[in-house]
Structure formats: C-alpha cells, structure tokens
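Trainee: Please construct the entire structure, taking both the sequences and the accompanying hints into account.
Using this note's numbering, you'd call the opening residue of the sequence shown number 41 and step up by one each time.
Warning: the hint list may mix true and false statements.
To be verified - Heads up, simulated DSS-like pairs for lysine-lysine below, C-alpha to C-alpha not over 30 Å straight-line:
#: 1; residue 1: 249; residue 2: 156
#: 2; residue 1: 209; residue 2: 327
#: 3; residue 1: 327; residue 2: 249
#: 4; residue 1: 209; residue 2: 156
#: 5; residue 1: 249; residue 2: 209
#: 6; residue 1: 156; residue 2: 327
No lab work stands behind these hints, which were simulated from the structure alone.
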Amino acid sequence: RIIEATLVQIDEPQLQVAIDATIAEVTLNNTLSYGVQTYLTSRSLGLKPNMGSFTGTQATTAPATTTDAATGVASVAGSVTNAFINRAFPGFNFLVGSETQPSFILDALHAVTSVKVLSNPSLVVINNQTATLQVGDVVPVSTGSATVLTTSNTVVNTIDYRNTGIILKVSPRVSVNGTVRLDIEQEISNVPQSSTVNLTPTVSERRVKSQISVANGQTVLLAGLISEQQSGARNALPVLDQIPGLGDAFGHQSNGTQRTELIIFIRPQIIRNGSDAQTVAEELRSKLRGSIATTTTNAPITTSYH
Numbered sequence: 041r042i043i044e045a046t047l048v049q050i051d052e053p054q055l056q057v058a059i060d061a062t063i064a065e066v067t068l069n070n071t072l073s074y075g076v077q078t079y080l081t082s083r084s085l086g087l088k089p090n091m092g093s094f095t096g097t098q099a100t101t102a103p104a105t106t107t108d109a110a111t112g113v114a115s116v117a118g119s120v121t122n123a124f125i126n127r128a129f130p131g132f133n134f135l136v137g138s139e140t141q142p143s144f145i146l147d148a149l150h151a152v153t154s155v156k157v158l159s160n161p162s163l164v165v166i167n168n169q170t171a172t173l174q175v176g177d178v179v180p181v182s183t184g185s186a187t188v189l190t191t192s193n194t195v196v197n198t199i200d201y202r203n204t205g206i207i208l209k210v211s212p213r214v215s216v217n218g219t220v221r222l223d224i225e226q227e228i229s230n231v232p233q234s235s236t237v238n239l240t241p242t243v244s245e246r247r248v249k250s251q252i253s254v255a256n257g258q259t260v261l262l263a264g265l266i267s268e269q270q271s272g273a274r275n276a277l278p279v280l281d282q283i284p285g286l287g288d289a290f291g292h293q294s295n296g297t298q299r300t301e302l303i304i305f306i307r308p309q310i311i312r313n314g315s316d317a318q319t320v321a322e323e324l325r326s327k328l329r330g331s332i333a334t335t336t337t338n339a340p341i342t343t344s345y346h
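Mentor: Spelled out as structure tokens, the structure:
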C-alpha cells in the first residue's frame with residue numbers, strides 16, 4: 041500500500057499556471073501629471089476588496105461600484121478612503137481588483153492620453169519554474185580592447201552581447217490555499233539611434249523586480265515606473281536661417297519633455313487538470329476571436345487591446 045500510494049503521488053500531474061500579461065506605456069499629460077495611480081484613484085477604477093496582498097499587507101474594503109452613463113467609466117458611490125492602494129517602494133505602485141482588467145483600465149486612460157500597448161503575451165509555465173518572454177534586439181557591446189604589437193598595431197576588441205527590448209520573467213508558486221505568489225522581473229530597454237554607431241552604446245532601461253501574492257484568476261496592476269525624455273527640434277526657413285547674424289530671425293529652436301509611465305497587468309490562473317486547461321484554452325480562443333473581430337469590423341476600442 042505504501043508503494044501504491046507513492047506511485048499515485050509520483051503520477052500526479054504537476055500544477056501549471058497560465059499567465060496573461062499586458063505591458064503598456066502611458067504618456068503623462070496635464071490630466072495625468074501625478075501618474076496613473078493618482079488618476080485611477082480619483083476615478084475609482086478597478087479597486088475591489090480583499091483581492092490580494094503584497095509583502096504581507098492585505099487589501100481592505102472598498103465601496104460598491106456603479107457606472108456613469110455619461111462617461112461609460114466606472115465610478116464609486118461614496119468615499120474610497122478604504123480602497124486598497126499600497127505603495128510598494130518608491131516608483132512602483134500596486135493596485136489590485138476584479139475590475140482591474142487591461143481593456144477596462146486602458147480604455148479609461150485612452151480617453152485622456154496616448155496609450156501604447158508594448159506586449160500582450162499569454163503563456164503557461166510549470167509551478168515553481170520560470171517563464172521568460174523577450175521581444176527585442178541583441179546589441180553588441182565592447183567590454184575591452186587590446187593592441188596587438190605588430191607592424192600595424194592592430195586593435196582587437198572583446199565583444200559581449202546585451203539583450204534589449206521587452207524582457208519579462210515570471211516565476212509562479214502555488215500555495216495550499218489557492219493563492220499564487222509571483223516573482224516578477226520586468227525590463228524595458230532600448231538603445232538610442234545615436235548610440236548604435238559605436239560599440240559603447242548608451243542603454244536606456246526601466247527595470248523592476250517584485251514579489252506579489254494574488255488570488256487565482258485575479259488581475260494585478262503594477263504601475264509607477266516613470267521616465268522622462270528630452271527632445272528638441274529646429275524650425276526654420278531653408279537657406280535664410282544659415283545667414284550669419286540673421287539666421288535666428290528666420291528660425292527658432294523648440295525643446296520639449298515627454299514623460300511616460302509603464303504599467304503592467306498580470307493575471308495568473310492555476311491549471312490543476314484537463315478541465316482547467318480546457319477553460320484556459322477557451323479563454324485564449326475567445327481572446328483571439330475578439331482580436332480578429334476588431335480587425336475586420338472596426339470594433340470599439342474596448343476590444344482593440346485584445
């Protein structure tokens with residue numbers, strides 16, 4: 041019997057976790073000058089009670105939501121002082137709720153600013169293993185050089201390769217009570233065009249590493265990674281702006297600053313058996329059908345992110 045019980049345990053299928061992720065970049069304007077978190081709080085979007093925890097802090101109770109017919113955006117009837125909004129550490133916030141769906145939040149943000157979805161992967165990973173998604177380029181970087189003492193004194197460079205782009209690593213750990221602990225590493229990096237001509241490029245990078253715990257099937261929204269880019273352009277009349285001493289009268293230099301914030305949606309689903317796997321597969325098929333319908337029928341923006 042002991043051997044039989046051991047064989048049953050060995051033959052038990054390993055738990056798997058299906059992970060839906062959406063990574064988007066939001067342009068911060070006057071409406072979003074204090075960031076996405078403050079805007080969502082003021083509009084009371086996607087805040088629900090007891091949907092997850094972070095570093096041991098449990099969500100608190102938020103009021104029931106209603107729909108504003110004039111705007112089509114959910115609003116909260118009453119105070120939201122008890123809504124769960126926890127700043128994890130400087131520059132990285134944590135919101136959680138059953139209404140924290142990518143399309144719901146992205147639609148609300150799209151109404152007031154520019155929203156760019158960078159990646160929308162769906163993947164399945166074995167419990168306690170790491171899933172990695174990478175979309176980007178491999179950039180050569182010089183790590184050293186040496187001069188060969190010959191008649192031509194040839195310089196030999198040592199080259200290493202750096203992964204850039206969108207890199208997402210997720211390691212799920214399923215607990216006995218059905219919650220999922222996620223170890224998340226997210227990196228968004230790129231090399232400016234001016235840096236690609238040499239072997240010592242400047243890499244612009246936004247990176248976060250976090251551990252969160254969330255209920256099965258619930259969506260987590262991570263926000264707060266803000267970056268600022270300076271830009272400049274000169275508008276002038278050709279030829280005339282080249283006249284010494286008078287060129288400035290025929291042109292002007294305009295400088296600007298663009299602030300963007302990175303937001304990440306993560307939704308884990310535990311796959312215990314074939315029935316759970318079929319449910320996840322059906323959701324993925326529905327997601328793909330929605331994407332195809334959007335392309336062929338020019339559907340509203342609520343499905344354009346699917």
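Trainee: Looking at the structure, which of the earlier hints fail to hold?
Mentor: none
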